[in-house]
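Undergrad: Two independent chains are provided; combine them into the complex using the hints.
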Amino acid sequence: MPNERRMVILVVEDEDLHYELIERSVKSLEAKTDARYELHRAADGAEALDFLFRRGKYENAPRPNLILLDLRLPKVSGMEVLAEIKKDERLRKIPVVVLTVSTNEEEMVRAYDSGAAGFLNKPAKPEDFERLLTTVWEYWRIARLPE
Amino acid sequence: MSLAGRLPSGILPSGIPNMGRFRRRARLSRWLPAFLCYALVAVALGMWGRALGLGLSFLLASLPLIVAVWSVGGRGALVGVPPSIGLILPAVLRGPAILGLAAALLLVGVALVALGAEHLWRRRIHRSKVARRVDLCYGEEVFENSLNIVHVIDREGNVIRRNRASRELLGWNHKRTLHLTEYVHPQDIGRFKAELELLFERGEVRNVELRFVSEAKLSVPVEFQAKRITGKVAVLEARDRLRLEELERQLFEEEARYRFLIEDGIDTMDLGIILVDHQGHVLWANQAVEKFFGVSREDLIGRNALSAVRMFAHVFENRDEFMAKVQKAYQQGGKVDELILEVLPAPGRSKRVLQYRSVPIETQRYRGGRIDYFADITKLKGLEEELRTRNRELVEVNAKLKEFNTAVSHDLRSPARTALGFVLTVLSHYNGELPRQVREDLEKVRGRLEFMDKLVDDLSRYSSIRLDSSMFDRVDLARVVRERLEDLGSRLNGVTMKVAEDLPPVWGVPTMIGEVFANLVSNAVKFNDKALPEVEIGWKDGKNGTYIFFVKDNGPGIESEWQEKIFGLFEKLDRNKEGTGAGLAICKRIVEEHGGRMWVESEVGKGSTFYFTLPKVPVKKGVEDHAQ
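Chains as they are written, first to last, in this note's numbering: chain L, 155 to 301; chain H, 12 to 639.
The shape of chain H in the complex, shown without the other chains (with noise of 0.2 Å):
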């Protein structure tokens, strides 16, 4: 690639200064004082020669003069003709008599006509002496802004001026002039000679390229050109080469991604794709569709489309249904979506499951032809049966959850009725018959039997506690606690009950929510050991669209280490209290059905608050398992 084709226009060749006002300058100048000369020798011709000779002669020397002063000033000068005229008639007119008059008007003649040629004569060089510097001053805007390194130097190559790109690419800030070890490459500096030479022989060199050294020795690798202007001094006009280096090598870069994305990305990807052109015939086509279809490429490309797919539709178990649709959408130009091909097995090729999609190419450039487009999902088939199963696996899992839920509340529990039954009757119809101990024994049996129809009760309480968003509905906290603790009744007597007055509405199952209150407020009016028991129940807001909502008593609080234990099933502190300890896990669990959870907080001695979540709108269950 040619660099002198992509320089910048800088100052050569056209830049030179331009010579040609001060060449017509030169020419007036050696003008005026031969035409001044030939004046005088024709004053001098008339006085000698009386009044005919006389006349002749004036004529003869303003002839030139009005000539002269035409030349150089245009109309204005002709101020000199009028008394030179008024010499000439009287002179011609009236003879030598008035020849001292004749004299002195042309002497007034001469200086007036001197002094309008110097009038013009200055103001023609003031013009011109402002257009030098004009042009000078234009020179040095174009010299010193260069993009490229602009050098004027000497025979030696030692540069006498140099330009801001110099300063900027070699250093050496301050210095007007370097010489010539300072800014060429040593190892270069006997090639730059040669180039000295011949420039200064030929008058220009062009596209020389040489290595210069800026003034931290960092070697910068240049092109240049020069001109000589005069036997000693030539321009010379460097372009940086790196930065072009640079430039190459991003396109290069560039190149090599394309290629990269062609040959290793897109060729070895689990996706085949088959490019058109407009014209209809195969352009390119994928590795993947060798491996796919047991087809070589080569076979493929520069065919008609149609007749390149028809080489391999026959691997599919729906041949036809592809066929159909890949011809109506060639013909057509529309889009194939999202069909299912089935890929049977062969020497050569494995049973896959492909995504084919056909589609138009729309940009400007390509209009006309298409993509192709065969997804491998052969992976994706596999994990969707695979899901599939464990669904199914799940749905039998919870079907069988399901009847032994409904085993052990019905099954186990029918037994243990039974006996109750048997235990009521007897302790019923014959009462009075029966011996005191037998009583007692028969009471305990009944407490024991109502105690197990609770625990079996519980157990398929908290295992039938499974709900989904399906069921939510807006929940009126407010009147849903308010109806709890009324149904709680005398059970609160003698308690400090506090319920926030703004319990906010929550998402939810109305019955399962009011459970879980009763549930703490009863359990925190079980426990208190205090004189005057207090419960509060209030809310506050919570992290990830919740509620936090609390139950807080006075009572005998919890140690640590039992504080997580409480809510698991059947787990009682205390032996004696009544109750099946399956209400805490119960209220968990319904919290957790909710996308919430449940946490305490105590104190021994002070009391403990039973903290939980709910969601403020309807979530998907665990949602905020995840967010912890």
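If we strip away everything but chain L, and leave its shape as in the complex, we get (with noise of 0.2 Å):
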């Protein structure tokens, strides 16, 4: 039962060791809990909303139940991402993790204020990561039990 479904993740960020440091994380925490990810990535805004929309190569693309969103990204901004997410009638419930390295407070009253679900700053320690996610796990769990 608890191996059965996985909870889908979709990290965009574009530098790679801040998404292999993720990519750990959560592996050790599948070793330690009986938690199960399903992480995907996006390595830039355009990415992450073809991803969200399903357009193109994503034309079957899960819908996510958490996305950690880098604000500093090319292309697209992390800000306009959070925005067209919110947008969607479909997706404004996907709760958004923005992550940033900049400890700028007008950055992170502006992500809150565009509907951002919590703020980390990355990388963040493993222990403040893997809590989050196990405490969005937990949420997810409960949510999906009446299924």
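A few of these clues could be false.
Calculated cross-link-like contacts (lysine-lysine; reagent style PhoX-like; alpha-carbon spacing at most 25 Å) [unchecked claim]: (1) L:K279 with H:K186; (2) H:K186 with H:K204; (3) L:K229 with H:K465.
Derived Cβ-Cβ restraints for the label pairs, each shown as a range [what the hints assert, rightly or not]: (4) H:L445 with L:R298: 35 to 41 Å; (5) L:S268 with H:L398: 36 to 42 Å; (6) L:A237 with H:E614: 52 to 58 Å.
No wet-lab data here; the hints were simulated from the structure.
Glycine included, every Cβ here is placed at the ideal spot set by N, Cα and C.
TA: Here is the structure:
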């Protein structure tokens, strides 16, 4: 039963190393707990939108349960992607956690105003990141129980 | 210019004392003895010729008496008439029998007539005396107070009497008389004597100009006129020419000033001026007009203004607009305000930008005319252009700076943070498997990476503090400080905090100002070396509409040579203390962006007080810098 379904996470991150860190944290979490994740990566904003709106090669992309969104992205910026997500009726319920290297308060406030569910400094300490994923996993698991 | 016409009314010629009354008195005094003799003769005749002769002679005697008394005293003298009649009647009726009585009555009558006559005589003399004194007195006043020098002179030219003006202008205050040589300029004595001769010969001289001298031997140029009074005496009235000359000089200066203003000022200024009279003709144009438009003003002056303007309108790039406006203004008597004209370059004139104004004249005398101004604003336009370029450059520089700032805060940070991420991952995932030394080394790597991250963060924060007054708001300082102190939380444990209860509101960005207080308080605690740390926040009134705030501690204090340096970016007095050393630099920057300044006063061993000023009311940045 626990292995039955995986929580789909879309990581919108242009830096390979950062993505690698996230990947490793997820793996380490899977090794320690019964949570199962399905990671997808979009390397820029445009790709993220293609994935979310199932365009082009992402025609059959799954609907993610969590989006980790870097704000500084090539092509389409993270804030724009966030705005698009919040405009869409089906997508707006997906929690978006914003990742950023800056501690700029202004940026943070703008992100929350635009509907971000959380804010993580990247790279986050593995403990912090793992705690976040665990929390979301628990919520998601409880939310889908009645199904 | 004739001086005589300007002389104030003086004593001459009408001021000479009127002699008429004296002449009448002289006539009367000649009359009286004659008619008394006549009366005696008449009485003697009467006594000799008996009764009829007596009556006749009385009649003869009394008639002249009556006439005489009448002529002297008017009706009052008639007191002598009834006794005379009283004499005549009994003499006629009774004949010689009552001769004695008649004679007695005659004597009484004569006495009465004489008495009445004398009374009237005295009254007459008294009256004329008074009149004479009034006359004299009046003449004296005029004489004494005349603004001109008045001298009564003899035939030799020596002064017999002189007035106040003479004393004031010539001196010799205590002398009533002056010798010729004392008041006439030595070089003019010859001429003066010639004039004297003329004066006593002809009776008067006028408009003679020569020089007097004062007691102090100063030359006093005068113009005088004189009138002979008697064969030996004349009155001379002289006017001080210095005062006149001063007036003339002033007038000349005034004229010169206007001439200068017109010829050297208005004519050569960088403002073209065309004056148009009320008939619409060009009255005058200055040199600048010639220079600007390459026309000769001789051609413009006298011409109909519109056709004159047409003569040079072709030099403007926007000539049609110009002519339309001018025509409208000229015909309707309206104004043209600040029309910008561009003069096209050509041989004889250079490229210019002019600002044109045309104003109708409203002052009474020239009403109906107008003045056209052409102000040369070429340089101004150039400066404006330059300013605009500079501004553009500044905006570019600012944008680049912002870009740089972003690059620093993100791009410089990102690799460090990635490295930190891996270190953290290793430490977290392989914690138990790592040898102790590797673990410790990785912890050090982590510490330095985190420090670098903080440095970059502070650097980017420092360089991004750029405020302008539009971001300012009223700051409830008491609340902001309270909140910040709460944020510091456990860091204030054991510290005696003293905060002024009446912190006044200021103008600024609340979060920024809060940060200044938080930073200073946190420093005061962090570096405090006393067992009982004390921190005090207070304020006082400052200059130029500011408050001075201070954060005072009882810490180790700062040596004076370091007091400036600690405000530098990343300056640290103690390398081993945590923190990047950017805190004070950021505080100072924030305060300066609010138009204030920051400084420290400190005594080693006793503590430091950090002061900073903040505006009471919104100000533009840098205002206080200028005031300092």
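Undergrad: Next, verify each hint and record whether it holds.
TA: These are the hints, each one checked on the structure:
1. L:K279 with H:K186: violated (119 Å)
2. H:K186 with H:K204: holds (22 Å)
3. L:K229 with H:K465: Measuring from Cα to Cα gives roughly 29 Å; hence the hint is violated.
4. H:L445 with L:R298: 35 to 41 Å: holds (39 Å)
5. L:S268 with H:L398: 36 to 42 Å: For H:L398 against L:S268, whose Cβ atoms are near 40 Å apart, the range 36 to 42 Å holds.
6. L:A237 with H:E614: 52 to 58 Å: holds (57 Å)
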